[in-house]
Amino acid sequence: MDKVGFNDNSINQPFKSRILWRVYLVWFFKRIAPLMVVQIVAIVLVFKIFAQNVFVSKVLQNIGIAANNGYWSVFKYLVLSFLQAHLIVQFSILLFLGFGALVIRDIIRSVLVRMVMKRKGDK
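When the letters of the sequence shown are read in order and numbered with the numbering used here, they come out as residues 1042 to 1164.
In case anyone wonders, no lab produced these hints; they're calculated from the structure. Any given hint might turn out to be false.
[Unchecked claim] Pairwise CB distance ranges (calculated):
hint, residue 1, residue 2, range
1, I1060, W1113, 27 to 37 Å
2, F1056, V1078, 53 to 63 Å
3, D1147, V1120, 25 to 35 Å
4, K1159, L1135, 34 to 44 Å
On a predicted model such as this, the values are computed, not experimentally measured, just so you know. Heads up, the beta-carbon is just placed ideally off N, CA and C, and yes, glycines get one too.
Starting from the given sequences, assemble the full structure and let the hints guide the process.
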């Protein structure tokens, strides 16, 4: 008795693609979506802390003034502002950058897995 494999041509292609798509969706909602939700909640909390401690429009106005002297002046302004900020603001900026990097990593990972699953489904 021959075993029927998943790559066997006897399985019609649309059915195989639907199965792979559902497997991908289940994986995404079980593994990636909860992490992204936790990360987004953390980013919102960091933004709230940041907004309570920093007058953002004044910072943007000062960046505009520094931009008149070139990119190096903007970089120096940002670094000096960060170093002179309160510890909670520094901490919230670092948290935001860290969580932002994790969200970007997860989005890229999801897209790459989807592309791989699509290629496997097309074969």
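Looking back at the hints listed earlier, which ones does the structure fail to meet? Those not satisfied are hints 1 and 2.
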